[in-house]
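J.: Below are the chains, spelled out letter by letter.
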Amino acid sequence: MATMTLIKAINDAMRVEMERDENVIVLGEDVGVNGGVFRATADLYQTFGEKRSFDTPLAESGIIGASIGLASQGFRPVPEIQFAGFVYECMDQISTQAARLRMRSGGRFNVPITIRIPYGGGVKTPEMHSDSLEALFLHSPGVKVVVPSNPHDAKGLLISAIRDDDPVIFYEPMKLYRSVKADVSEEAFTVPLGKANVVKEGSDVTLIAYGAMVPLAEKAAQQAEKERGVKAEVIDLRTISPLDLETIIRSVEKTNRAVVIHEAAQTGGVGAELVARINEEAILSLEAPVVRVTGFDTPYPLTAIEDEWLPTVDRVCAGIYKTLDF
Amino acid sequence: MPKVMELKQDPEMFQILDENGNIVDGQQAPDLSDDELKDLYRWMLRIRTFDGRAIKLNRQGRLGFYAPMAGQEACQIASMAALEKSDWLFPSYRDIGTALYHGISMEMAFLYSRGMKDGMKVPEDVNMFPPQIIIAGHVPHAAGAGWAFRLREEEHVAIAFFGDGATSEGDFHEGLNFAGVYDANSIFFCQNNQYAISVPLSKQTRSETIAQKAVAYGIHGIQVDGNDALAVYQATKEAADRARKGEGPTLIEGVTYRFGPHTMAGDDPGRYRTKEEEEDWASRKDPLKRFRKYLESKNLWSDQEEEKVQEELLEEMNNAIKKVEKMPKGSVEDLIDDLYTETPEILKKQKEEYLSWKEGK
Chain A
1 MATMTLIKAI NDAMRVEMER DENVIVLGED VGVNGGVFRA TADLYQTFGE
51 KRSFDTPLAE SGIIGASIGL ASQGFRPVPE IQFAGFVYEC MDQISTQAAR
101 LRMRSGGRFN VPITIRIPYG GGVKTPEMHS DSLEALFLHS PGVKVVVPSN
151 PHDAKGLLIS AIRDDDPVIF YEPMKLYRSV KADVSEEAFT VPLGKANVVK
201 EGSDVTLIAY GAMVPLAEKA AQQAEKERGV KAEVIDLRTI SPLDLETIIR
251 SVEKTNRAVV IHEAAQTGGV GAELVARINE EAILSLEAPV VRVTGFDTPY
301 PLTAIEDEWL PTVDRVCAGI YKTLDF
Chain B
1 MPKVMELKQD PEMFQILDEN GNIVDGQQAP DLSDDELKDL YRWMLRIRTF
51 DGRAIKLNRQ GRLGFYAPMA GQEACQIASM AALEKSDWLF PSYRDIGTAL
101 YHGISMEMAF LYSRGMKDGM KVPEDVNMFP PQIIIAGHVP HAAGAGWAFR
151 LREEEHVAIA FFGDGATSEG DFHEGLNFAG VYDANSIFFC QNNQYAISVP
201 LSKQTRSETI AQKAVAYGIH GIQVDGNDAL AVYQATKEAA DRARKGEGPT
251 LIEGVTYRFG PHTMAGDDPG RYRTKEEEED WASRKDPLKR FRKYLESKNL
301 WSDQEEEKVQ EELLEEMNNA IKKVEKMPKG SVEDLIDDLY TETPEILKKQ
351 KEEYLSWKEG K
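Residue numbers (full-length UniProt numbering), protein chains in the order written: chain A, 1 to 326; chain B, 1 to 361.
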């Protein structure tokens with residue numbers, strides 16, 4: 001065991017997988033010598049050399065497209081897209097090329113690439129860096145979408161993603177990179193993809209969150225208990241695609257109320273999908289409409305107002321009370 | 001005075017055979033045996049014959065999506081003839097000739113055209129990606145595969161085929177740039193057939209040639225007469241030799257012409273090309289006529305052989321289309337099963353719902 005930040009856990013996941021499998025390689029802008037702008041790939045170049053860790057040209061579509069070509073020859077590339085806002089530059093390579101190749105080729109070609117993307121707000125980036133675009137990929141059949149919320153999960157989920165034979169988008173909450181620490185095994189271990197985690201049990205309302213919204217939901221649960229004695233259950237989705245409906249539905253059937261929390265814009269977001277699924281599977285258990293506490297239907301703002309734009313503990317509590325007072 | 005670079009390059013198109021099938025002064029024929037020369041022509045003729053019949057089959061409704069390739073046989077066949085079976089092919093949708101030469105079956109080509117199951121299921125022993133639809137989307141794939149060969153110091157080559165329009169795409173730039181930076185074992189073969197659907201090359205780029213774009217990437221570039229099979233063969237062979245030795249990628253521009261429409265889905269070239277231009281290419285510059293003249297000058301080809309190849313090919317096509325028409329078209333279940341290595345629960349449920357709906361129908 002070692003005390004790790006979330007970014008260190010991500011770094012450690014790549015280290016152990018590169019040790020285990022010589023086909024695992026990392027590539028991206030500033031990923032090599034510099035170890036990444038966030039230091040996610042720190043020391044991998046120095047440890048594994050210039051044939052395993054690559055500084056690429058500054059071109060997102062090229063990074064993903066070349067990764068697909070590398071994967072066709074047995075490599076398991078772990079490309080980094082430097083910030084989530086840049087992902088539109090490689091949408092075709094992700095959603096059309098990587099996502100469909102297995103189906104198009106009738107199962108001949110797998111695309112075992114793990115696309116790491118720092119995402120989310122609250123860290124005062126320039127504009128067009130802090131977007132939360134996970135719903136784009138929830139709507140892209142053929143890829144998986146994973147979002148860790150703590151160092152342990154970050155390492156275990158990333159190892160699972162690298163070992164997965166299909167393309168995985170691995171969204172890393174920038175706000176949590178260095179703000180959370182935990183004891184994490186230095187050995188290789190996995191946290192399964194497609195399985196949500198009940199981080200706090202409760203009976204009155206289910207809070208569903210992922211990434212940086214998980215610690216926020218936990219704080220809101222504490223505050224709601226203090227303010228109104230509410231016992232909230234908190235679910236960390238961990239994987240957005242495929243969704244773990246079983247865990248979500250079981251919880252909603254118990255609590256009869258749900259609040260979905262995400263940073264991304266509201267319309268057409270992950271929350272919308274969750275509301276639809278809960279309606280399909282558990283509408284008779286619901287005592288109130290499912291509430292969404294989310295970013296607004298605007299692009300992510302400039303930094304001066306980002307704390308107002310992002311969901312807050314008070315806004316989540318207001319959402320909880322709205323379901324309770326319905 | 002600041003000195004700017006010269007905008008005009010002096011385009012020097014590589015040619016071995018002139019339009020009458022004679023070896024151009026100062027050039028020599030590639031090192032190919034008589035049998036290899038005949039095989040090269042035989043394959044070009046097969047593709048020409050295939051194309052004519054495929055167009056008819058499309059008009060009869062027996063084939064679906066089809067992008068005619070007549071006129072481009074030298075580009076497609078002579079290039080692939082210069083490569084090995086172990087090399088990797090990244091074709092686009094007009095490059096069925098390259099794919100057939102590299103080893104896919106006619107049945108697979110028909111299944112693809114008809115949008116049926118297994119139309120893109122490339123057999124394990126054919127090193128090829130399914131044909132690319134997104135223009136230039138496969139250029140970075142060929143860069144990545146060529147990069148993989150370089151990293152492992154393998155002597156394979158990755159070749160991507162695309163048209164002149166593709167050179168305007170971002171992925172063309174990103175792919176060639178990556179390949180250059182990593183000395184990838186890649187060949188980028190642009191079939192410059194003068195039009196991207198209806199848009200002429202002059203509206204696609206200000207560059208004098210497509211080949212000269214290689215200079216900016218620091219990679220090898222060559223413009224070849226794309227209707228001269230021997231020139232295409234030689235240029236590709238040399239590009240492959242360089243790549244195998246780790247001397248980096250090559251951009252080959254084959255100057256050619258598509259005799260037919262863009263696709264069979266209603267394109268009318270009469271709206272954007274003149275009859276005179278079409279006739280000039282078809283009469284004077286036809287890649288088959290030129291190569292046949294060369295073979296005839298060496299007493300290597302006859303009318304009888306020509307007819308035999310055509311008859312055999314048409315027979316093969318008849319058998320293949322009949323076989324394909326009886327094959328299963330595929331199902332939503334197949335699609336679901338093939339998408340992920342392990343089908344997610346939500347998708348499994350969709351499959352079950354679909355199957356029970358289908359059963360109850």
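These are computed hints drawn from the structure, not numbers from a lab.
Note that the structure is a prediction, hence the values are computed from the model and not measured.
Check the hints yourself; a few may be wrong.
Said to hold, decoys possible - Per the computed footprint, the stretches of chain A lying under chain B, defined by three or more beta-carbons under 8 Å from a beta-carbon of chain B, are: (1) 7-18; (2) 64-72; (3) 102-110.
Think of the CB as a built atom: it goes at the ideal place given N, C-alpha and C, for glycine as much as any other residue.
J.: Run every hint past the structure and note whether it holds.
T.: Each hint, compared with the structure:
1. Coverage of a stretch by a chain is defined here by at least three residues with a beta carbon nearer than 8 Å to that chain's beta carbons; for the segment 7-18 of chain A and chain B the count is 0, and the condition is violated.
2. Counting residues of the segment 64-72 of chain A whose C-beta sits closer than 8 Å to any C-beta of chain B gives 9, which meets the bar of three, so the coverage hint holds.
3. Check result for the segment 102-110 of chain A against chain B: holds, 9 residues qualifying (beta carbon to beta carbon below 8 Å, three or more required).
The structure fails hint 1 only (numbered hints given earlier).
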